[in-house]
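**Student:** Chains A and B, in that order, are what the protein sequence lines are. So that you can map any letter, position 5 of the first sequence is 11 in this note's numbering, and since no number is skipped, the others follow by simple counting. So that you can map any letter, position 48 of the second sequence is 550 in this note's numbering, and since no number is skipped, the others follow by simple counting.
If you're looking for bench data, these hints aren't it; they were derived computationally from the structure. Where hints are given, some of them may not hold.
Said to hold, decoys possible - Here are the simulated DSS-like pairs of lysine-lysine, each with C-alpha atoms no more than 27 Å apart in a straight line: (1) B:Lys559 to A:Lys115; (2) B:Lys520 to B:Lys571; (3) A:Lys115 to B:Lys567; (4) B:Lys519 to B:Lys559.
As the list claims (entries may be wrong) - Beta-carbon label-pair distances, calculated as ranges: (5) A:Glu77 to B:Lys571: 40 to 48 Å; (6) B:Lys567 to A:Glu77: 36 to 44 Å; (7) A:Met89 to B:Asp561: 30 to 38 Å.
As the list claims (entries may be wrong) - Taking beta-carbon pairs under 10 Å as the criterion, some of the chain B residues facing chain A (in silico): (8) Gln539; (9) Gln547; (10) Ala594.
No residue lacks a Cβ here, since even glycine has one placed at the ideal position from N, Cα and C.
Single-letter residue listing:
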Amino acid sequence: AQSVTQLGSHVSVSEGALVLLRCNYSSSVPPYLFWYVQYPNQGLQLLLKYTTGATLVKGINGFEAEFKKSETSFHLTKPSAHMSDAAEYFCAVSDPYSGGGADGLTFGKGTHLIIQP
Amino acid sequence: EAQVTQNPRYLITVTGKKLTVTCSQNMNHEYMSWYRQDPGLGLRQIYYSMNVEVTDKGDVPEGYKVSRKEKRNFPLILESPSPNQTSLYFCASRVRPNSYEQYFGPGTRLTVT
Numbered sequence: 007a008q009s010v011t012q013l014g015s016h017v018s019v020s021e022g023a024l025v026l027l028r029c030n031y032s033s034s035v036p037p038y039l040f041w042y043v044q045y046p047n048q049g050l051q052l053l054l055k056y057t058t059g060a061t062l063v064k065g066i067n068g069f070e071a072e073f074k075k076s077e078t079s080f081h082l083t084k085p086s087a088h089m090s091d092a093a094e095y096f097c098a099v100s101d102p103y104s105g106g107g108a109d110g111l112t113f114g115k116g117t118h119l120i121i122q123p
Numbered sequence: 503e504a505q506v507t508q509n510p511r512y513l514i515t516v517t518g519k520k521l522t523v524t525c526s527q528n529m530n531h532e533y534m535s536w537y538r539q540d541p542g543l544g545l546r547q548i549y550y551s552m553n554v555e556v557t558d559k560g561d562v563p564e565g566y567k568v569s570r571k572e573k574r575n576f577p578l579i580l581e582s583p584s585p586n587q588t589s590l591y592f593c594a595s596r597v598r599p600n601s602y603e604q605y606f607g608p609g610t611r612l613t614v615t
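One chain only, chain A, in its complex shape:
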């Protein structure tokens, strides 16, 4: 079984500061990894994904994440926070060999990002 741990249910940063949201996973096979963003009163939107190849992946809105196999991590970063980045962020892991189903996609519990003016 796979699992995802997001460190910190709430993260607060100042506008213009570095954003770092932490995600660690466990998986018995090389996983696919995702970050989703949920703005208030909206559904989840895919921010970025890692499947194979380059371990540093870039997403929308200036976010990027790096897959570190040795650390089983997939932390999300953005060099300079903007007020519009305030949202809930979910890390998710997928077993590419699961064929979908109940183990197809496992979400972390989410991190609420607060941007201080």
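Once you've looked at the hints, dock chain B against the given chain A.
**Tutor:** Positioned in the frame of chain A, the structure of chain B alone reads:
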């Protein structure tokens, strides 16, 4: 526009009164699923469907039913809602069961009193 739609977006009901939340996608996706989102618990899968007439339980199926009679629709049925089913519900779809990109609906906020 490619999208997943859900109705209603907000619903307040009473214990025991049957309700259905509809979900529809216009992308011809084979795979659809339902999640519930609760504070501090993230998203948990309720039911999923790999294709028409093929459904199976997710992590938290108790108290829910689904059907998949058409490819585009995947309604969530609560036969006898209880207060512990008060939650935010999301429908999602992807092209095939083993596709990695999932598309989410806007959510349905359900309150059971």
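**Student:** Take the hints in turn and mark each one as holding or not.
**Tutor:** Hints, one by one, checked against the model:
1. Taking the CA atoms of Lys559 of chain B and Lys115 of chain A, the gap is near 21 Å; set against the 27 Å cutoff, the hint holds.
2. A threshold of 27 Å between alpha carbons decides the hint, and for Lys520 of chain B with Lys571 of chain B the separation of about 20 Å falls inside it, so the pair holds.
3. A hinted pair counts as satisfied when its Cα atoms are at most 27 Å apart, and Lys115 of chain A with Lys567 of chain B qualifies at roughly 25 Å.
4. Annotation: proposed proximity of Lys519 of chain B to Lys559 of chain B holds, straight-line Cα distance about 23 Å (limit 27 Å).
5. Hint check: Glu77 of chain A to Lys571 of chain B, Cβ distance near 46 Å, so the stated range 40 to 48 Å holds.
6. At about 42 Å, the CB distance of Lys567 of chain B to Glu77 of chain A agrees with the hint of 36 to 44 Å.
7. A beta carbon spacing of about 35 Å between Met89 of chain A and Asp561 of chain B agrees with the range 30 to 38 Å that was offered as a hint.
8. Annotation: interface hint on Gln539 of chain B holds; nearest CB of chain A at approximately 8 Å, less than 10 Å.
9. A distance limit of 10 Å between C-beta atoms decides the matter here; for Gln547 of chain B the minimum to chain A is near 6 Å, and the interface restraint holds.
10. Evaluation of the Ala594 of chain B hint against chain A yields a held restraint, the C-beta minimum of about 8 Å falling below 10 Å.
Checked against the numbered hints above, the structure breaks none of them.
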